[in-house]
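For reference, the chains in residue letters:
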Amino acid sequence: MPVEIDIAKVASLARIALSEEELRQYGEQLGAILEHAERVQQLPTEGIPPTSHPVPMTNAFRDDVVTGSLPAEDILAGAPEAEDGYFRVPPVLGDS
Amino acid sequence: MSDPADLTIKAAGAAMRAGELTSVDLTEAVLERARITESHLHAFLTLDQAGAKAGAVAADAALAAGEDAGPLHGIPIALKDNMCTKGIETTASSQILSGWIPPYNATVVDRLDTAGAVIVGKTNLDEFAMGSSTENSAYGTTRNPWDTDTVPGGSSGGSAAAVAAGSALGAFGSDTGGSIRQPAALCGVVGMKPTYGLVSRYGLIAFASSLDQIGPFARSVDDAAVLLEAIAGFDIHDATSIRGDVPNIRGSLNSGVAGLKVGIVTELSTTGIDPEVRAAVDQTLAGLSDAGAEVVDVSLPSCEYGLSAYYLIAPAECSANLARFDGVRFGLRAGGATTEEMMAATRAEGFGPEVIRRILLGTYALSAGYYDAFYGQAQRVRTLIRRQFAAAYEDVDVLVAPTSPTTAFPIGERTADPIAMYYADVCTIPVNLTGDPAISVPVELDSKGLPIGFQVMAPALGEERLFQVAKAVEDIAGFTARASLATSEVVQP
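Residue numbers (the numbering used here), protein chains in the order written: chain P, 11 to 106; chain B, 26 to 518.
Here chain P stands alone, though its shape is the one from the complex (with noise of 0.2 angstroms):
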């Protein structure tokens, strides 16, 4: 069975503006894709540990000593707007 989901709702928490065509579209693929993905459930992993590295590490330490960074100017050069040294945006709440 395609497992149903609210893509409406999904789309909006990854901020993707979409049509409602290209809703429907993603939501029925989706949906055929996490059937196959489901099958990872079959598995039985009660008390297994998960992975996501395969040499055992626990914290990556450096030595706290004070390094360069990149100028902040080559940071901004790449920015879409810019200004005084911050990178620029249209309003964050809108005219209300």
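This list has only true hints and no planted wrong ones.
Here chain B is said to cover these stretches of chain P; the calculated rule only asks that three of the stretch's residues, wherever they fall, bring their Cβ under 8 angstroms from a Cβ of chain B: (1) 14 to 20; (2) 46 to 54.
One-sided and incomplete, this derived list gives chain P residues near chain B with beta-carbon spacing under 8 angstroms: (3) Ala24; (4) Arg25; (5) Ile26; (6) Leu40; (7) Ala42; (8) Pro60; (9) Thr61; (10) Arg72; (11) Leu80; (12) Ile85; (13) Phe97; (14) Val99.
What follows is a list of derived Cβ distance ranges for each label pair: (15) P:Leu80 x B:Gly394: 33 to 43 angstroms; (16) P:Gly41 x B:Ala39: 52 to 62 angstroms; (17) P:Thr68 x B:Val321: 33 to 43 angstroms; (18) P:Thr77 x B:Asp299: 47 to 57 angstroms; (19) B:Ala39 x P:Gly88: 40 to 50 angstroms; (20) B:Lys286 x P:Pro81: 51 to 61 angstroms; (21) P:Tyr96 x B:Glu419: 50 to 60 angstroms; (22) B:Thr296 x P:Glu91: 52 to 62 angstroms; (23) P:Pro54 x B:Gly437: 36 to 46 angstroms; (24) P:Ile58 x B:Ser64: 45 to 55 angstroms; (25) P:Ile58 x B:Thr363: 43 to 53 angstroms; (26) P:Gly41 x B:Lys473: 30 to 40 angstroms; (27) B:Gly503 x P:Lys19: 53 to 63 angstroms; (28) B:Val82 x P:Gly41: 51 to 61 angstroms.
Just so you know, these hints were derived from the structure itself, not from any lab. Positions of the beta carbon are idealized from the N, C-alpha and C atoms, including for glycine.
Given the coordinates of chain P, work out where chain B should sit on it, guided by the hints.
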């Protein structure tokens, strides 16, 4: 001498040190090959002719002054366009990064610079490395140099095609579910995914952080080993980078396979495998047996769940990683009255359909109420697969399988069916989940004249044994065929 563009790195290096070849002549030959073949292939997004020539001049001057940086000194190399190159546009084949010039180099790029390599350009890929055919690029598909009506594989299809065509002597790609090994198999070159954590991911545009690993493409196993040596080792800028000694990658390269035990994985070599691919694998196994290896069948039933686990883990991690592409700090910005509207419009306009599909899938899998059932469960299934591989390595030295279930498929054949496309990675995904190293070596051509790849897998940090067996496979197969677009009839009309 034959066209220098067709030399291996080893042969070119020897010719340079014997005074028979300069890096300038070699680089010029490679650029000339690219100029002729690119209209057929579209392997490159950026060909940095001026930068490559300047690099070659500097390499020759250094060598003349007695400064030899090692085996990659003066060698023309291509990079997948998801590795940051300071001052050279880096797009990950996405509209959302169109025109973005990184302010820094990936660690791999800095290490290649130290090794004296000459960077010829940035190669095409499936957008953000999501795909198995390079058809998902926002800048047009790459074609396979063996048959331009077929795909080169993916996602690192541009790097594989460039090496097969002679437009670079070696290249680097990234492998998240098979994105180095599968295109290497489809393009008839060697492609290798190192142990997760052996090569720094700093400056690699992230797709799925717990799976991504950078590795080499080459025209011989020896060359692949040399390329890996140049980039392997701890990097403070990557928190998942492995501290400690790098494996002795070339230590046993010519030791043969006598006395080694080789396991052929039943679940990766039976169902859904093209009969011609399977026949080539069997022939190689017979050769390994003749060379003194013991070949046994190994069953790893949890591999059957690999594809399912992968298609939860990779989208989940991609949905988090690609959140940074929001129109604020880099790349494209679409219009919108508020910041949130601008972000949603930018992402809809900037991302292609496969990337949107995976972001939505991952967002769903990570959303409230589903995290443990999907992502958590998939990460635990990884552990089950790891344990089965580890148990197998108690008994055998390496595991083997086909690299790809089929040879190169026609352009357009699978673009309408995401699941059929995902199946292209069924043989390569398990070691991304375990983190172990693996390599694809070309062994044979099928009846259509398309290359077949043989995959060797080894335990984590078992690169020395991996390359030892891969070299034996290469010697047994004696694969010397070249892609039709790299033969003299085509390039010298």
